[in-house]
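The primary structure of each chain is shown beneath.
There are 2 protein chains.
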Amino acid sequence: MSLKNDLILRAAKGEKTERTPVWLMRQAGRVLPEYREVRAKMGGFKELVETPEFACEVTIQPVDILGVDAAIIFSDILVIPEAMGLPYQMVEAKGPWFEKTIKSKADIDQLRIAHPEDLHYVIDAIKLTKKELNGRVPLIGFAGAPWTIFAYMIEGSGSKTFSKAKKFLYTNPELSHLLLQKITDSTINYLKGQIVAGADMLQLFDSWAGILSPEQYNQFSLKYISQICDAINEVPMTVFAKDAHFARRDMGKLNCNTIGLDWTMDIVESREMIGPNKTLQGNMDPCLLYADYETIKKETIKMLKAFGPNRHIANLGHGLYPDLEKDKVKCYVDTIKEFRF
Amino acid sequence: MSLKNDLILRAAKGEKTERTPVWLMRQAGRVLPEYREVRAKMGGFKELVETPEFACEVTIQPVDILGVDAAIIFSDILVIPEAMGLPYQMVEAKGPWFEKTIKSKADIDQLRIAHPEDLHYVIDAIKLTKKELNGRVPLIGFAGAPWTIFAYMIEGSGSKTFSKAKKFLYTNPELSHLLLQKITDSTINYLKGQIVAGADMLQLFDSWAGILSPEQYNQFSLKYISQICDAINEVPMTVFAKDAHFARRDMGKLNCNTIGLDWTMDIVESREMIGPNKTLQGNMDPCLLYADYETIKKETIKMLKAFGPNRHIANLGHGLYPDLEKDKVKCYVDTIKEFRF
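Going line by line, the protein sequences match chains A and B. Our numbering applies: residue 19 is where the first sequence begins, and numbers increase by one. Our numbering applies: residue 19 is where the second sequence begins, and numbers increase by one.
The hints are simulated quantities; they were obtained by calculation from the structure and are not laboratory data. Some hints could be false.
Because identical chains cannot be distinguished in the list, a pair is counted as satisfied if it fits within a single copy or across any two copies.
[Unchecked claim] Simulated crosslink set (DSS-like; lysine-lysine; CA at most 27 Å straight-line): (1) Lys348 with Lys178; (2) Lys22 with Lys185; (3) Lys118 with Lys34; (4) Lys185 with Lys112; (5) Lys31 with Lys320; (6) Lys316 with Lys123; (7) Lys316 with Lys241.
Okay, chain A solo, but in the shape it has when bound (with noise of 0.2 Å):
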């Protein structure tokens, strides 16, 4: 089915778009009255996760509501642990919690190597949403970056620090390699698997990149995004390295389309360290959609003249934060739309 917007495609692989394509992390989420209220009607958010019906409903929300040029499916980057074999629950107001972590070589060797069918929640929900949607726009599905995984798999919760996952990097590199992998091999299935559902570009989200030395970064990380990216070639691939304004050179020679910003990295500077043949996406302060309209649309306007006209795909720097007001986003979604250089 060919898509009526393909904006953030093409800007992906670095062709002209009339204007620049612009979607939200967490777009579909607390912001919108609209998902609060399908998620009042459900147990909790893992529940919303695993029932394609309500996931498909609440990727498409932000689609209608504020008008974005793409979705996102509706999911969680710890999905990948739990088919590996390390269930979660995720705690009201608290995040994460896993009973069972990694701790030794056995627990390691325990866990499986996932596949699509452990996940057929997403993939499911996936193949609704691409019905769904009927060439509205185009489906981002996702996965976490493999040391991200790692992070949780090994702290068993969010942290301020991660030191429990550090400290595992520091005293067992070849175990830290072995879980790795696995957890590579795992995401490359996944994201084949959400590939032949239907999505039709991808982004992994490296989130706690920022608390590595570059280093590390480059020994624990950026290897094994470099091999998902090499062996993901289907649809273009987006990577999100929050806060590793270290590695921009690195990730420049990435074999990906898009690398993601976040605000706290100069544009300028980035793209100039990134190099021309990548599209950059971001990379606004969800906190500016706290302010006035006029000073979130001088500000936008600022940001779209910084990125320039081609290689862009606009979004925030981070996820919405619940709390800003759907009107104040439809304002940034709509200042980037009605934009023209």
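Starting from the known structure of chain A, arrange chain B on it as the hints suggest.
Relative to chain A, chain B alone:
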């Protein structure tokens, strides 16, 4: 009284030193069993901060036990908001909590400009520690950078995103500047008082630097750090802005002696960005100290060589984590003290 070991002061001023000097952020703390003993006798963290005899005792412990080249007065950056009229509690395992936060101009108007008399317990602790140190090593005084103090005064506690504080910047820029100026004036008074009491060197901690955009950082943080640096000329000054990779070039222009680096900042690149006229401090990942002794030594020497023989004060890129082993910490310190270029 002349100092028997003034390596750190000479390194800060750019003078040649026989070896690289070293101290560690949070060197007086839970990593030392001797600290935990004193802590167990006291009611809590704040009682320790507010009792000069005990603050003095734990300040000197790492000089005796770890052999570091400086003591840093045991205190807390949040004594300033308290002295200005916002008392706080340190909640075990949770962190700071303010009953009252800043929401309006009236709240800001009610705040006092702090003076050293309001913080007599810190001043007394500095005087006592100087006497007890008896010139063995320099004593470092410190304060939070205005933006970081502002962030706590608005947010009322720690936060992953400090989105309330950032919302205040975006929605009330004028009030933000009013509050930041009051904090700055209080901080200058306080640091001058620390110098009079005997502090040989000062450090500003901008712990939440990394969550601002480069532009906001210039406007709402560096502007006030710069005022403080300009006001303090009596002793060497260090500015440590955690995660503010984007501000390195501008920090090179501050009227201070030393810039602190965290471990995500490449050493050679940082030197190039900051220029030759500043001493650099840091920057090992504290998690390295979980590794085996051989790895600690190898990585420490690699770090020393990357910084080179001059204009370097060895430290970590963040404070010591409480669960590190004392002997591994000592291995880091000893490796630095034994190394010769």
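These are the hints, each one checked on the structure:
Proximity of lysine 348 and lysine 178 under a CA criterion of 27 Å is satisfied inter-copy only: 25 Å between copies versus 31 Å inside one chain copy. Taking CA atoms no more than 27 Å apart as the test, lysine 22 paired with lysine 185 passes in neither setting, with 49 Å inside one copy and 37 Å between copies. For the identical chains of this complex, lysine 118 and lysine 34 are neighbours neither inside a copy (48 Å) nor across copies (53 Å), given an alpha-carbon limit of 27 Å. In this assembly of identical chains, lysine 185 and lysine 112 lie within 27 Å of each other by CA distance both inside one copy and across copies; the values are 23 Å within and 22 Å between.
Proximity of lysine 31 and lysine 320 under a CA criterion of 27 Å is satisfied intra-copy only: 24 Å inside one chain copy versus 41 Å between copies. Taking identical chains as interchangeable, the C-alpha atoms of lysine 316 and lysine 123 lie at most 27 Å apart only when they sit on different chains, with a minimum of 26 Å there against 54 Å within one chain. Only between protomers do lysine 316 and lysine 241 lie at most 27 Å apart by alpha-carbon distance; the minimum there is 23 Å, versus 39 Å within a single protomer.
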